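Asks: The chain contents come next:
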Amino acid sequence: MAQTTHPPGTGGHAASGGEGGSRRDFLYLATAAAGVVGAASAAWPFIDSLNPAADTLALASIDVDLAPVAVGQAITVTWRGKPVFVRHRTAEEIESAKTVNLGDLRDPVADDARVKKPEWLIVIGICTHLGCVPLGQKVTDPRGDYGGWFCPCHGSHYDTAGRIRKGPAPANLVLPTYAFTGDTKIRLG
Amino acid sequence: MAQVQATKFKNPVVNWIDSRLPIFTMLDHEYNHYPMPRNVNYLWAFGAIAGIMLMIMIATGLFLAMQYSSHTSLAFDSVERIMRDVNYGWLIRYVHANGASMFFIAVYIHMFRALYYGSYKAPREILWILGVIIFLVMMGTAFMGYVLPWGQMSFWGATVITNLFSAFPIVGDPIVTLLWGGFSVDNPTLNRFFALHFLLPFVLLGLVILHTAALHVCGSNNPLGIDAKGPQDTVPFNPYVTVKDGFAVVIFLIVYAAFVFFMPNYMGHPDNYIPANPLVTPAHIVPEWYFLPFYAMLRAIPDKLGGVLAMFGSIALLAFLPWLDRSKVRSCKFRPVYRQFFWILAIDALILGYAGSQPAEGSWLLIARVGTFYYFFHFLVLLPVLGKLERTRPLPNSISESVLKGGGGIAAGAHAKPMEKA
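Chains as they are written, first to last, in my numbering: chain A, 1 to 189; chain B, 1 to 422.
By construction, these hints were calculated from the structure, which means they are not laboratory data.
None of these values were measured; they are calculated from a predicted model.
Among these hints, one or two may not hold up.
[To be verified] One-sided excerpt, in silico: chain A residues whose CB lies under 7 Å from chain B:
| id | residue |
| --- | --- |
| 1 | 43 |
| 2 | 46 |
| 3 | 49 |
| 4 | 51 |
| 5 | 53 |
| 6 | 55 |
| 7 | 81 |
| 8 | 95 |
Cβ atoms here follow ideal geometry from the backbone N, Cα and C, with glycine treated the same way.
Using the sequences provided together with the hints, build the complete structure.
Replies: Rendered as structure tokens:
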């Protein structure tokens with residue numbers, strides 16, 4: 001009926017009894033539901049287009065040859081747009097990482113749980129505080145009080161297992177997903 | 001009117017906002033109660049359809065722009081990346097590319113509807129001129145969008161169209177250099193075209209708002225071309241026209257989707273999948289179909305400047321239409337002679353379009369010349385003369401008298417009989 005097209009107060013509800021009203025309500029609800037489903041399915045391709053594209057995903061894993069990295073050296077490789085620190089640790093560095101009392105740590109994890117082979121420490125080189133890249137990859141860099149890395153932004157100190165020891169960062173340097181594909185070859189991702 | 005006071009909304013939040021910023025009153029007034037002539041037919045839906053197309057183009061364009069690189073060395077590959085790698089990139093690009101064609105289809109139907117029913121006549125002259133400006137800006141936007149994929153048609157289309165300006169004496173060459181930002185169509189050209197292609201749709205949106213505002217001053221025309229004289233001649237916009245327009249939009253979108261999903265490249269040109277090469281021109285270059293009639297006019301005139309003037313003139317001419325057509329009667333229904341010429345003009349436009357797609361030689365050139373001549377003859381000679389000589393049919397007294405058989409007229413009240421379809 002035409003009455004419902006008018007603003008409230010135009011009156012004329014005589015014809016629309018309970019039956020007519022519920023039928024109209026059903027039509028309104030059904031239309032609205034179909035509209036919502038349609039709008040959502042139209043919106044999804046747009047939203048999903050913002051997710052990583054196929055070429056981005058194809059670059060999500062990389063192979064790195066560690067053979068040229070001598071003991072005490074470190075390299076930085078780019079993986080998924082982030083720096084990954086690979087450090088060939090010296091015996092002293094491994095020793096100092098292992099002998100730490102876990103109770104002293106802010107984010108207590110044993111050294112064994114942070115490496116697959118003790119001589120290779122592989123961590124994502126992004127400070128867990130606010131995302132800066134810590135210093136310490138070069139021998140000449142400041143490595144903080146614990147011989148690992150030092151973040152110049154807000155002064156976080158990491159040890160030789162990449163664990164947070166001092167400063168504002170809440171957690172250890174994150175471990176990337178990786179596997180050894182050979183003695184000195186790794187695949188990140 | 002007291003109407004503004006009377007409009008109270010159930011929702012207290014809406015009321016609170018509305019008493020401070022009356023947007024809900026405005027929307028209610030313009031899209032709820034707004035009186036539409038009760039006899040408008042489905043051709044009146046194409047304004048709404050064109051509006052929907054603009055929104056679709058802006059939405060898809062925004063997401064394409066997030067993936068596109070406007071550098072000559074990256075543009076083509078970035079478009080192919082959208083097609084192959086970006087999630088649903090193929091869909092968004094095809095919706096956008098076919099959307100341009102569908103937008104023009106909607107606008108051309110909208111324009112021919114205005115021509116047939118005399119919607120450009122007083123008091124709707126500014127409404128019509130705004131429409132012509134919208135059409136021009138649309139053409140510029142579409143042209144620059146077609147350049148962005150940086151294929152062969154993009155490059156040579158850009159070269160040909162920008163070279164149009166070189167036809168003007170003295171200022172021509174400096175203008176072309178300015179457009180290019182160099183000595184040929186190159187990276188600076190592509191960059192500025194991308195920037196403008198992003199900007200112009202929002203200019204269009206502003207123009208569309210003005211177009212709608214001008215429309216709502218005097219209301220919509222209708223197939224009879226006579227003014228609505230009161231509530232018995234109109235129905236409220238909502239739900240009558242919202243539902244009718246909505247239905248038309250759905251049908252239109254089905255056709256649109258058929259192109260997108262089943263023949264997405266039908267309205268494009270295969271040469272645009274060849275990367276731009278400034279050293280080789282494709283053997284046969286044509287613009288997108290929606291420019292073909294104007295392209296035919298450009299080539300029909302055997303003089304560089306003349307051709308360019310004819311092409312621009314054919315559009316500029318439309319802005320003067322309200323004064324070229326001297327007849328006081330709007331609708332073709334009551335203009336038996338003009339109606340014949342209207343259809344001849346429509347066929348002429350189609351023939352020009354086809355001629356524009358053919359090589360400019362032999363009989364097609366001759367046909368394009370005759371078509372171009374007729375186009376100008378129609379607007380510059382026929383319309384003014386017909387306005388004086390044509391004997392029009394008598395106009396009905398009112399919309400309701402003509403539409404409601406049995407003279408339901410005044411007493412029944414327009415709103416009580418909603419389902420009478422004109």
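Asks: Next step is simple, just say for each hint if it's right about the structure.
Replies: Against the structure, the hints come out as follows:
The criterion of a C-beta within 7 Å of any C-beta in chain B is not met by residue 43 of chain A, whose closest approach is roughly 9 Å, and the hint is violated. Taking 7 Å as the C-beta cut-off, the interface hint given for residue 46 of chain A holds, the closest approach to chain B being about 5 Å. A hinted interface residue such as residue 49 of chain A counts as satisfied when its beta carbon comes closer than 7 Å to some beta carbon of chain B; here the least separation is about 5 Å, so the hint holds. With a least beta-carbon distance of about 5 Å to chain B, the hint placing residue 51 of chain A at the interface is held under the 7 Å criterion.
Annotation: interface hint on residue 53 of chain A holds; nearest CB of chain B at approximately 4 Å, less than 7 Å. Residue-level restraint check for residue 55 of chain A holds (minimum Cβ-Cβ distance to chain B is 4 Å; threshold 7 Å). At about 16 Å, the closest approach between the beta carbon of residue 81 of chain A and any beta carbon in chain B exceeds 7 Å, and the interface hint on this residue is violated. Restraint check, residue 95 of chain A versus chain B: the minimum CB separation of about 48 Å is more than 7 Å; hint violated.
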